[in-house]
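Chains as they are written, first to last, in my numbering: chain A, 5 to 184; chain B, 79 to 422.
For the record, the hints were derived by calculation from the structure and aren't laboratory data. All of these numbers come straight from a predicted model, not from anything done at the bench. Heads up, a few of these hints could be off.
Pairs of lysine-lysine residues, derived as BS3-like cross-links and limited to a Cα-Cα distance of at most 27 Å, are as follows [stated by the list, open to error]:
id : chain 1 : residue 1 : chain 2 : residue 2
1  : A       : LYS30     : B       : LYS165
2  : B       : LYS151    : B       : LYS118
3  : A       : LYS30     : B       : LYS221
4  : B       : LYS165    : B       : LYS118
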Amino acid sequence: MDLFAIVFYLFAILIVSTAAIMVFSKNIVYSAFALMFTLAGLAVFYALLFAGFVAVTQLLVYVGGILVLILFGVMLTTRGYFERVRIRTVYMLPSALFAGIIAVLLIAVFVTTDWTLAPLSEGDVTLAALGELLLTDFMLPFQVAGVLLLLAIIGAVLMAARKRGPLEKKGTVPDADKII
Amino acid sequence: MQEFLESFLPAGPLVVLVFSIIPLGVILVYALFAIWLERKVAGHIQDRLGPMETGGWHGWSQTLADLLKMIQKEDLVPARADRFLFKMAPFIAFAASYGAFVAIPLSSGYIGSMIDIGVLYIVAITSLLSVSIIMAGWASNNKWSLLGAMRTAAQTVSYEIPTVVTILSVIVVTGSLNLMHISEMQSGNSFLGFLPNWLIFHSPFMVIAFVLFFIASLAEAHRVPFDLPESESELVGGYQTEYSGMRWGLFMLTEYADMLLLSLVGATLFFGGWNSPFGSFMDGPLWGAFWMLSKGMVLVFVMMWLRWTLPRLRVDQLMNLCWKYLIPATFVNLIFIALWEMIF
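Model the full structure from these sequences, guided by the hints.
Next comes the structure, spelled out in structure tokens:
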């Protein structure tokens, strides 16, 4: 086994096992931290395939952004700081059935497709080429994604800064920045 | 550097190991020195002497003695804490900080990896740091720890934006994200006939960009006046309240490594990295390492100096400063730098 295979299998085991912890853990904070290892492990896969930019974006967006927000949300919404959210398993049969069907479909696709493997090579995709493509051939999707994000930000600000009713005047509702 | 190591070391993996452990040596020696320096700076600013006894000359081995003490201490875990996460958090914190040194060119002959996304990688990997602090705060099962961790998350997420935008305004000028290329671009001494070609002299807006970057990096490194995650007067010790012994030492090491990291990034982006300020005089790989580390240490010294000069901000002032002043200022500055680039 060469170094590539060793690293690949090591991180594949890490990703699958932490994903399992994330799904099966009864403690929601454990799930969130396990998700961190899953996402960071995927970034290692991208780096292994010389897709450095995708790997870094994965870290930046998912680990640095979304995961911190999830942790923040989990910690603020668990009632009281140290009372843990109770997690129950519901709809066992339908979800197992659904997951099973999807697994069978995916395995069937994996087995029947004739995969062509492109040889790995370093430095195929440079950042400059990527930027040029984004500003020429893929200008419209790039702009649409930007507008979508802007809309999301404006929506979030609107929801957070909604006018307070008479009951929620100063003093009755704790300010978010006082909790922090 | 790698070829040089291969010339006298036998096996391949050994070369890789030595190659990747060089920044660790730099960080450890630097941390020993910086903690001593911080005490001396604090002492002199407050009109006292600081450590004077240990080791003889000006207490030079005070940090070594502290290190030996910390290694001998019992590894305490609070009874109600989450053992696994509590024990893991310091390691993830240091790994996140150390991982970022991969993309720092310590001299013209040494950089961990020549990836073309260097600065972006540094920004991404250091975001693991806030996750590890949340982990430490939550696992400690202590309200001060958790409050400190919450503040860290809010602070880091907010101050990442001005940091990234000021870095972006340097990228607009250099056109490369690789810190080695950025350093190479700043070599020579032709600016106005005698000044070095450092980016800070490039345009007046670069000076503003540096000031904004430095303020944001203070907050990223959780230094005074932005050290709310561990403000001892309200939160005892913040996320590190329950830690003691070597695990606390690892958090301390991470904090100092983070200071050095941000200072080195600032030195590379604005002050020419490993370039000598005297053109080709005192230039070369070893002198490069000397210049790089001295520029970093100057910025670290300014951070220490500020710590004993400025009072701490309140939480709401901290958020106001970031969202209402720093972020708009960095964006306006970015536009001006881009315009400057277009016109000249």
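Structure-based check of each hint:
For the proposed pair LYS30 of chain A and LYS165 of chain B, the alpha carbon gap of about 21 Å is at most 27 Å, so the pair holds. Proposed proximity of LYS151 of chain B and LYS118 of chain B is supported: the alpha carbons are some 25 Å apart, at most 27 Å. A hinted pair counts as satisfied when its Cα atoms are at most 27 Å apart, and LYS30 of chain A with LYS221 of chain B qualifies at roughly 22 Å. Simply put, LYS165 of chain B and LYS118 of chain B have alpha-carbon atoms about 32 Å apart, too far for the 27 Å limit, and the pair is violated.
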